[in-house]
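Peer 1: These are the residues of each chain, in order.
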Amino acid sequence: MSQRPIMEDDLHAYVDHALAPERRAEIASYLDDHPDVSVRVAAFAAQREQLRGALASIADEPLPVELNLSHIIESRKRRPLRAWAAIAALLLLGIGGLGGWSMRSLLPDGSSGLSALAQEAAYSYGVYAPDRVRPVEIRASDSAELTQWVSNRLKQPVKVPDLAVSGYRLMGGRLVATAHGPAAMFMYDDDHGDRLVVLTRPMSNGNQDTPMLPQSTGDVAGLAWADSGMGYTLVGQLPADTLKPIANEIRKQARPI
Amino acid sequence: MKDMLVQVEPLIPALRRYARALVRDRAAADDLVQDCLERAVSRWHQRRDGSVRAWLFTILHNLAVTQFRQATSRGRHMPIDDAGESELVSAAAQEHRVIYQDVLNKLARLPEEQRAVLLLVAVEDLSYADAAAVLNIPVGTVMSRLSRARERLVQEMDGVAPGNVVALRGMK
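So the sequences go chain by chain: C and Z.
Here the first sequence is numbered in the numbering used here, starting from 1 and rising by one per residue.
Here the second sequence is numbered in the numbering used here, starting from 1 and rising by one per residue.
These are computed hints drawn from the structure, not numbers from a lab.
Do not take every clue at face value.
As the list claims (entries may be wrong) - Pairwise CB distance ranges, derived in the manner of DEER restraints:
1) C:T242 x Z:R109: 48 to 56 Å
2) C:P182 x Z:A129: 50 to 58 Å
3) C:E145 x Z:Q7: 46 to 54 Å
Stated by the list, open to error - With a straight-line cut-off of 20 Å between C-alpha atoms, the simulated DMTMM-like cross-links for lysine to aspartate or glutamate are:
4) C:K244 x C:D162
5) Z:K2 x C:D219
6) C:K252 x C:D241
7) Z:K106 x C:E49
8) Z:K2 x C:E74
Ideal Cβ placement from N, Cα and C applies to all residues, glycine included.
The shape of chain Z in the complex, shown without the other chains (with noise of 0.2 Å):
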């Protein structure tokens, strides 16, 4: 149990701001990392060899999207919109809020597994292929949805006309 605190206390961080991303309400998102962190002291000698931070964010993304699912056959939506900006931005610079909450509710737009993919690659830092694991994908389609995700949020932030995408596509 020692190796185990060593290993994962250093990523609650990190498990609390993909789960906050991702469904947008700090209590709901808290309490997806607290599953999330009893099921990985329980299952710990069941995990297999490879990364402890993809094995945890697989756990907490399967949390999640179970909990996204449950909400949606309730007829309930979950309070992506509704969350109060303030508690995904309450210590950014003041100079940023403005452009941090612009991306912040572009993001919010996207698709769920766009923007899995999105917050998984470039804010976790996890390589393509742990993306992956985690989604239970392939790494083609961690590229094909990043691109998508990319591709979109680009569009929606600056409001440019879909044409100018046509030269990034004609590239494959």
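Looking at chain C on its own, in the form it has when it is part of the complex (with noise of 0.2 Å):
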């Protein structure tokens, strides 16, 4: 016979229905002669049932409200949104005088770095871009008025950058809190109205270079990066892949030359 040697991982295969139809066949007729073997791979698929019946009502039982999947989705979206309401509200009770300390044990996992500023920029967007009244505190119309104030607060020259190449118009700026210092904030928008933020301010120790990464919270996505020790980002409700080459544009643009 030139069939191949029986190992045992095939009894296993042969247990756990893994197997083709072949080589089932073969390891059935492989344990018609050999009744040793036979009655302990029947042990194996005793065992088997018996751990599937045990478990099976655990499946069966109706799933607690914290394992309710749209719950999870819902309460994501509105988290960066509550975050900012408390950071907000302590602001506003002059806690924060106490320091950045107290804020940043509020925010979640991964405050420092690059994914701390696509989630500041974030909280923005969600503030700011739905604003149909005020989105921005200095037009585009000022725009020297808007650099000029935005370099003198974050002590860095800062280049507001322009984005008609990717079909996106400058609308103005402002100056938004973080909880690492004050960034700048500058939203575009195209001709269906969708908005984008870009933000920027200095990185802490050891974040000088930092490759674009892209980063998401909740439907807010956006790609992050460092240069020269300062933090850009930019966000949007679009996808990170369209984001992608605009975000390109903003790092060729803010390179200094």
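Given two chains presented individually in distinct reference frames, assemble the corresponding complex, making use of the accompanying hints.
Peer 2: Encoded structure:
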């Protein structure tokens, strides 16, 4: 017979119904000829059925409300705004005077580095992008004033990216508060009224140059990177691969020549 | 998010079953599953192509292992033997109760790594390749752990003398 030798793995695969039909038939006929092995394989199969039977009822139990996936998805969408509201409340109460420490403990994991930057941008996006009255504090028509203001506060020369080539116009910008100090926020829109937010601020030590990485907070997607100690992030309600070329354009323009 | 709901929701009962069989405590197991689902929601767009089932079991298994390690390093062991049997077999048919309790007690005494392989393969129907991916071990290691788990459980179930195992081992 040109049959492959029977391995112990074959016996387990036989028990787990993981064999192709021809091989399964070979093992079955081997077991017919070897009652001692057959007894063990039957014991494995019986054990498998007992385990499945003993645990089956768990999967039939009604799901507790904590495991309702729709609720989990919903609460995640709302979370960025809730965290923002908590920070705003602290600032109003004057507790923010204790410093970034107390605020930082409120932020979800990864509150340093690029993910923190992208999260801050997502919070700003959540608060300012839906605002139809005053999404920006200084309009694009006064962009020289905007540039000077944010450069003074960030103690860094800040350039406002021009995204005309990507089909987005500068609406204007403002200074926003983050757990890591002031950040400059610029907002853009296109002909459909879709808005994008660019946020930039100095990075803390150890994040001088970091490659561009996709980041997402709820349904706000984005990309973040650091160049020569400055952190940049672009966020919007667009797929990350649509944002990528725009982010590349911003990175190109922001780099010191 | 719609496709996530469609693909993940039907798998939640199996995730619960795996978690409870692994940690044997209803509340702790459901906490693990909740944590797993929250991570799955936030990382849905970062997952690679492949089985969503294996991806979810990977997240859940890693959370369970982290919890085991934390519990061990605190010098506190998980309440494996203290967990009420009724929690695990509450709806099981009365005539099977004794057998079921017995197999679960024996299962609980297996080393955690063998228990995980046996549950993923024999109960959750993961392929050997998917089980290897979940546990981050080679397929060969899955097979040897599965073999050890089954032999040990069979021996414990009917008190077979270890000598009887020689026939099987000799075939490799």
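Peer 1: A separate judgement is required for each hint: does it hold in the structure or not?
Peer 2: Each hint tested on the structure:
no.	hint	in the structure
1	C:T242 x Z:R109: 48 to 56 Å	holds, 54 Å
2	C:P182 x Z:A129: 50 to 58 Å	holds, 51 Å
3	C:E145 x Z:Q7: 46 to 54 Å	holds, 50 Å
4	C:K244 x C:D162	holds, 15 Å
5	Z:K2 x C:D219	holds, 12 Å
6	C:K252 x C:D241	holds, 17 Å
7	Z:K106 x C:E49	holds, 15 Å
8	Z:K2 x C:E74	holds, 12 Å
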